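Residue numbers (our numbering), protein chains in the order written: chain A, 1351 to 1653; chain B, 1351 to 1653.
Treat each hint with caution, since some may be false.
Copies of the same chain look alike in the list, so a pair counts if it fits in one copy or across any two.
What the hints assert, rightly or not - Distance condition first, Cα-Cα at most 20 Å in a straight line; then the derived EDC-like pairs of lysine to aspartate or glutamate: (1) K1501 to E1373; (2) K1468 to E1514; (3) K1526 to E1614; (4) K1526 to E1389.
Rather than coming from a laboratory, the hints here were simulated on the basis of the structure.
Bear in mind the structure is a predicted one, so any value in this text is a computation, not a measurement.
There are 2 protein chains.
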Amino acid sequence: MNMLEQVKAYLLDLQDRICADLERADGQARFVEDAWTREGRLGGGGRTRVMNDGAVIEKGGVNFSHVQGDQLPPAATASRPELAGCSYHAMGVSLVIHPHNPYIPTSHANVRFFIAEKEGAEPIWWFGGGYDLTPYYPFEEDCIHWHETAKAAADPFGENVYDEHKRWCDEYFYLKHREETRGVGGLFFDDLNEWGFERSFAYMQAVGDSYTKAYVPIIEKRKDHEYGERQRDFQLYRRGRYVEFNLVFDRGTLFGLQSGGRTESILMSLPPLVKWGYNWQAEEGSEEARLNAFLSPRDWLKG
Amino acid sequence: MNMLEQVKAYLLDLQDRICADLERADGQARFVEDAWTREGRLGGGGRTRVMNDGAVIEKGGVNFSHVQGDQLPPAATASRPELAGCSYHAMGVSLVIHPHNPYIPTSHANVRFFIAEKEGAEPIWWFGGGYDLTPYYPFEEDCIHWHETAKAAADPFGENVYDEHKRWCDEYFYLKHREETRGVGGLFFDDLNEWGFERSFAYMQAVGDSYTKAYVPIIEKRKDHEYGERQRDFQLYRRGRYVEFNLVFDRGTLFGLQSGGRTESILMSLPPLVKWGYNWQAEEGSEEARLNAFLSPRDWLKG
């Protein structure tokens, strides 16, 4: 198999396994598949899988897509001008899970593979990926479990990999206009090819495979935690920040929209219900105000 | 008075008059003012005025702001590279009104004035502004009234002004990833200085002064129209498009966020409550499907 075929086989299987794990965790609803192909000059297609109104998951999407084009869009070449004008394949699994219960964090994961080609030059390929956790009412032990799982996945690839990709995640999932992180982070990497194909691919698999190990135990622990209108309200306001990040900053979202991707699959990441109120503030000393301390980078595994 | 002072005096008065007109139209709630100043190296301040949970208006904001900085941000210089590195003043009134009743459209208006200065060169100033209407359940007569009012404001400034600025509005308020306009448009102009200061300023005033004449009669006509959960639900989904436009495309929003503007004042434009559902579609032939025909440019005043 060539590189594209190997990665594609892994990603399709990963999507199946993640959906199965999340269906088990939900215990009630199933993912519904919407397979699509992109018509016209630019090829591509995908398997969008969506869950709505489960017992635990209010809205979740786990998407596989493989698109190709004759010119990389601006979001992909902003920091790599040498790629302008390249044709490309982009392939990945991307997911966002929005639970009903405000005590369960929202989570996101993505693994992706790109090849860019220009006539008369060797193809350039790279991997990217990661996952991050966005709690509303954070539990320190959940954050530690999340990061321990991430570290266990990264450690076989070098002693600094977790630290570097954890820092990258804190920097990437940052809302500049709010001066806060999207949540408590996790892992983020991009442009990975200096390890060579085998090792880079293996790392992407380690990240993809560890996502449900990081997330499902948190669902299990928090899904029966009682909540009321107050907690729901706070969750809806905080979901607004999720929308702001995805639409203003997220390179994956902007790449998708700019490359003529399938809008409904890309924006499946947006929460099912969201509030914005002018200058909404948590009361000082309240359970809601606790979150603020979790919205700047922290070293979860030391001390 | 110099240019800045003249424009500022007009804008503050405009904000007062618009708020008074909208309070009368609401009949119950009042705008609450939040005056702010920007600390630090970059000066500025504003009067944010917000209405919440009125009889008619679910959330509305009518903001005046005047900010200055030592370097124009990318959103302002993308199409004018000669302005890179200029210090600037930016001043305007910007408003968005989100009514409860899905039969009343959301509306937006903005008028603005910029001066950019570089040592050893004449200052460059320009005006911009406009307004646009976003119906959920459109009435043709409301769209025609809206455009007639816009045309009456523009006509004294030249016979093509309405046509050109109407077309500009259709082009500007366009969601490329949805292949639809934000609504039925209105007026949009930017970079206006070729008419000279007096006439440009007078046009900006004509636009600002005509906004409530365009909008309030529509509120009056539709505010008692009965609606139920179905109409509310459709409004919440359609509000998602409003968020997508403002966060992905709107230059005013991006300029504000990039220039270190006051986030809560800028994002007061976002709707109070919003839904996103995967691939939500109006049923063919339904009252909701009627909207689609209003989401591409149309010539409202002919035929």
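- prompt: Taking 20 Å as the upper bound on the Cα-Cα distance, should K1501 and E1373 be classified as within, between, both, or neither?
  reply: So K1501 and E1373 fail the 20 Å test inside a copy (25 Å) and across (56 Å) alike.
Intra- versus inter-copy proximity for E1614 and K1526 (alpha-carbon distance at most 20 Å): Between. Shortest inter-copy distance 13 Å satisfies the 20 Å Cα cut-off; intra-copy 26 Å does not.
- request: With 20 Å as the alpha-carbon cut-off, assign the pair K1468 and E1514 to within, between, both or neither.
  value: neither (31 Å within a copy, 42 Å between copies)
query: Checking K1526 and E1389: alpha-carbon separation at most 20 Å within a copy, between copies, both or neither?
result: between (37 Å within a copy, 17 Å between copies)
The structure is inconsistent with the numbered hints 1 and 2, although it conforms to all the rest.
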